Every structure is written in C-alpha cells, then in structure tokens.
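There are 2 protein chains.
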Amino acid sequence: MSTYGGIDLGGTKIQAVVVDEDNSVLGSARRPTPTAGGPADVARELESALRDAAVAAELDPPELAGVGVGTPGRVEDGDVAQARNLPDWEGSFPLGPTLSRALGVQVRLGNDVQVATAAEFKLGAGRLYDSLLGVFWGTGVGGALILERRPWRGRGGAGEIGHMVVEMDGARCTCGRKGCVEAYAGRGAMERHVHRLVEKGRKTKLFDLMREHGRTRLTSGVWARALEHGDKMAQQLIDRAVEALGAGIASAQNLIDIEGVIIGGGLGVRLGHPYAKRIAEAMQPHLFVDSQPPHVHVAALGDLGGAVGAALLLRSEG
Amino acid sequence: MSTYGGIDLGGTKIQAVVVDEDNSVLGSARRPTPTAGGPADVARELESALRDAAVAAELDPPELAGVGVGTPGRVEDGDVAQARNLPDWEGSFPLGPTLSRALGVQVRLGNDVQVATAAEFKLGAGRLYDSLLGVFWGTGVGGALILERRPWRGRGGAGEIGHMVVEMDGARCTCGRKGCVEAYAGRGAMERHVHRLVEKGRKTKLFDLMREHGRTRLTSGVWARALEHGDKMAQQLIDRAVEALGAGIASAQNLIDIEGVIIGGGLGVRLGHPYAKRIAEAMQPHLFVDSQPPHVHVAALGDLGGAVGAALLLRSEG
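Chains as they are written, first to last, in the numbering used here: chain A, 880 to 1197; chain B, 880 to 1197.
What the hints contain is simulated information worked out from the structure, not anything from laboratory work. Only a predicted model underlies this, so the values are computations on that prediction, with no experimental measurement involved. Incorrect hints may have been included.
You can't tell identical chains apart in this list, so a pair holds if it fits in one copy or across any two.
Straight-line C-alpha distance at most 30 Å; calculated DSSO-like pairs for lysine-lysine [stated by the list, open to error]:
(1) Lys-1111 <-> Lys-892
(2) Lys-1001 <-> Lys-1111
(3) Lys-1111 <-> Lys-1057
(4) Lys-1156 <-> Lys-1084
(5) Lys-1001 <-> Lys-1084
(6) Lys-1082 <-> Lys-1001
(7) Lys-1156 <-> Lys-892
Bound-form chain A, shown alone (with noise of 0.2 Å):
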C-alpha cells in the first residue's frame, strides 16, 4: 500500500501527516513557523516536520509515494511567491525542488487554502456538496471554491472571501486596503486593533492569557480563552468579525448561490460549531434569497485538513 507525506504550511504552525491510500493519517508532527530568516529556513523546518511525521509512522522519507505541500502565496510548478505572512517571502523560491532533495521523494506543491478545502471537499464537511465555499478564519481569511465538483480559480486568483469589500471605506486591512472582511475578521488585524485599544487604555486580559500559555501572539487559544473569560474587548472584537465574515460570506452567496460552505482555519475550528452557527446567523439578513441560505459547517478534518489535502495532492490534478 502507498503512503503520502503532506505538509501544511500555516503563518504561525507547519502541520506534517503521512497518510494512507485510504487517508488514514499513520503519523504527525508540528512545529511552529519560523517568524525570522527567510524562505530556506522555513524549507528546513517543512524537512524537519515530514520527518517527524515520518518516525511517528515508522517510515522514512523515500519509502513515501510523495509529498504534497499546501502553501500561502502564488504557486508555479515548484515555485511560490509571496507569500506575505512568510518571513521574507516576497520573492520567488523553488520550495519544491529543494523539498524534494532534502527529503529524496517527490514534492507537488499547491495553494493552502485550496488544498484543505479540496480536502474538506473530498473527505470533510463538504462531502455531501457540488459547490461550496471554503472559509479559513485564521491569521487572514482565506477561501477557496469548488464549481461542479471541480476547484474554481478563475485566472489563478479566485476565491479570495478575505477581500471581499463590507464597508466601502472601512478599516485598514492587512494588504493595505480599506474595508475587507480580512481587516475585521483575519487574527492578524485583530491583534493590531487589540494594540491599539490598550495603548488607548482599555483594558483585556488577552495580553495576561497570552504570557500564561507561553504563546507570544495571540493565537486561535488565547482568543477562545478570553472569550471563555469573558473579556470585554475579546467579545466585542469577535462579535465585528462574526459580523463582517456573515455580510462577506452572504455577498459571496449572493452571486454565486452554492450550497455550502465550510468554516476552517485556527479560529474556525477552534472556536467551532457554535460560532460556525453565529456567522450563519449573520449571514442571514443579508441574503437575497434568504429562504434557502447555504448549509454552514465547521471544517470536519480540523487542524489536519490543510496537511491531509496536501497528501492528495499526489493523486490528482489538484
């Protein structure tokens, strides 16, 4: 029986598995991602994840079918480019081939949010569905969206929920312009309004959470949480990003009525079901046709979606 390596490669953790032919996963590993030193480093440390991922399944590295990558950026062939939430990944770097001579087995490289949302697709919570829209709630917010049964990507840039516009001259988002569901919604922008408000003087014991758990941001964690204690700032903020991703996705539905959508990244499967609940709620009064909305669900293979798609990525056209 062939066995796939898959790596997921997040802005704060890199997520390896080796799965089986039937995705059962045989062993995995995470290591956080480097947040200094360049492309390389973060090729070493995506080497050290598969490799531990590897032990666990009592296998070594050339015995695999292949490994599968899901990346952030612009993916040619072996190549990605920027890849902003990467330490000095604005330019070009051939991940795929220096992956595969680190490891000596073949590497495919492909968009992480499309990855795990083939995944979910294919194997998850979307099973059931010939069109849906996949939302990772994380550090930004990503999307990706599958047409008939087959990935949709436009020109190469589809799917991009996160930038989808909900106040036309709204708050300053992560890729400099104004009004997306990113700059309400992504982790990233969260942590920077947190930042502010302090420094205005209000008070959150996000900060105090964050030190305790040993975390220095705040991660999907240290959110739930605050939220679980009932910080102020912790609640409000989440309430503005439960509503700005309700009115992105319902616009979303708006054009392209599919019929479902899945809710995955850090805070997304963190925070869960009854969140995943709330934006359905959220989208509700901003639905044209809202007698039919769309099915919600949180991503069902959760933190591992993104590193067991990328594994199938060596048994597809992607």
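Fit chain B to the given chain A structure using the hints.
Relative to the frame of chain A, chain B by itself:
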C-alpha cells in the same frame, strides 16, 4: 429562413424585436411598462409590442418560429412570480401560456438579466471571454454570470451583484436589506434619495428636466441630461453609485476572478463608455490582484440586447 420574436420586459419599458437566424433585427417596437393594473395588463402590452415589431418586420406573429421573453422575477417553465418591479406581480402568473395563446406561437421565458448577459456573451461585448459578469445598472442592479462558457445560476439564485453588501450597516435597499450595491446605485433607490434631499431643501434640476421631457420618473435620459447640465445633486448621487458599483464588482472579482465585466442596463448604456471607465477605476483600489483587473465593457447590443437575447431562448437550452 426562420424568424424569431424577442421581448425584454423591463421595469420602465417593454422592448420587442423580430430577428432572423443571424440575429439581424428585422423590426422593433417599444412601449412603456404599465405602472398600474396587474400581470394580465402587462401581458397585453407585451403582446402589442411584439405585434408592432412584427408589423415593422412585415410578418404575422404566427409566422415566427417562436417568441422568447426576458422577464424579471422568478421564472418556472411558463410561470413568472415575484416580479416586484412590476404592478401587482408578487404571486405566480402563467405568462408563457397567456402570451402563446394571444400570439398563436410558442413562447419561452427566461430571466431578463440572464438573457441579456447570454446575448452579450454570444453576440456582443462578451464574445471574447469564457467567463464574465453582466451588470445591469437600471431601475435595480441585476447581474448574471457565465463561467466556462455556460450560465452559472447556482441553485437558481446566483448573479445578484446588486445585493452584494458594500456597507455592513449602510443605506436601506429596495429589497429591504441594508448596504447592498443597489441601495446606492439602483435608479429606484437614487430617485427616492433625491426626493429626501429635496424635502430637506436641497436644489436640483432633476425634476425640471424630468417634466421638460415629459417623464414621470427620473429615467436614465433625465440623469444623463442633469449630468450634462452640471447638476450637483445628480453628480453626487451618480458618483456614489459608481463607488458602490466599483466596490461590489471588485468584491465579485476577488471571489471569482472572471475575464470580463459587461455594464448594461438603462443607466449603463445611456452613460456609456466614460462611466464604464469610471466604474473600472472605482474597482481598482478594491482589487486583490490589482495587476490583473477584468476587462470592463459597455453592453455592445445596447438597448436591444435584452430583446435580442430573449429571441436566442428559442435556440438554446437557456
């Protein structure tokens, strides 16, 4: 050679054409859409408009191979429901059978915006593209999608570019919701806005121009003339419409990344290229891949596109 009838049922006017197999217009006629009465009265005006177009083409309606009708509202086989821009047309009315009996010829119905978009795709400004978004800027703001050379309707409700949300808690829309593109750019919403501003004592030439030209509503021609006269209020409201259209279409682009955008509808066609260019400029700051904007064109078939597209209904699956 076969000949076909086509009727575009709009919120303000009914346009009928008779075309040959090459879609050359042999005769055309136009009538105002009834503002009182009900579906049966509208059907009678459709019949009269088609008869006038047939007379101009020197044909009798029963000689036609069929008549296509592009209509607002929800189309199910021969029935039309929820045509809210038309008088007393909330419920279902058997428009197809009624018109077929009256004219002595087979009748096919299609959604007005989908029909006009298909016409631009097959014969007009969309000929060069495999994927496009039709935006019909008139009484409302309608839209329709062509993806990979086929109409994309989702579960039947796709294409509602006019009801994408550009301001989360924004202006009240004709549809009852808040912050839709149509709340800023629809001629209906704009006319109500003018009334409110005039009640507050603001000055405008819009109503004088309306009366001078024998109109009872602020038609696209009235708006165009007010702009030519340098009317401040007209300029401000059209600027606001252009901003909302730019944000909405850019949002759509960020999600689906299509090749072409066709701007049609009463205002779109009347204001023409300079305003299509302004809409493209208003999109630019919101485009996530701003180095690769879609091509933006005015509908090439102009006012007749909807009717010519309706005649195409007889020769395709829709």
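Structure-based check of all given hints:
1. Lys-1111 <-> Lys-892: For Lys-1111 and Lys-892, only the intra-copy Cα distance (28 Å) is at most 30 Å; the inter-copy one is 54 Å.
2. Lys-1001 <-> Lys-1111: neither (39 Å within a copy, 56 Å between copies)
3. Lys-1111 <-> Lys-1057: both (25 Å within a copy, 27 Å between copies)
4. Lys-1156 <-> Lys-1084: Result: close within a single copy only, 25 Å intra versus 49 Å inter.
5. Lys-1001 <-> Lys-1084: neither (40 Å within a copy, 60 Å between copies)
6. Lys-1082 <-> Lys-1001: Close neither inside one copy (44 Å) nor across copies (60 Å); limit 30 Å.
7. Lys-1156 <-> Lys-892: within (26 Å within a copy, 44 Å between copies)
Checked against the numbered hints listed earlier, the structure breaks hints 2, 5, 6; every other hint is satisfied.
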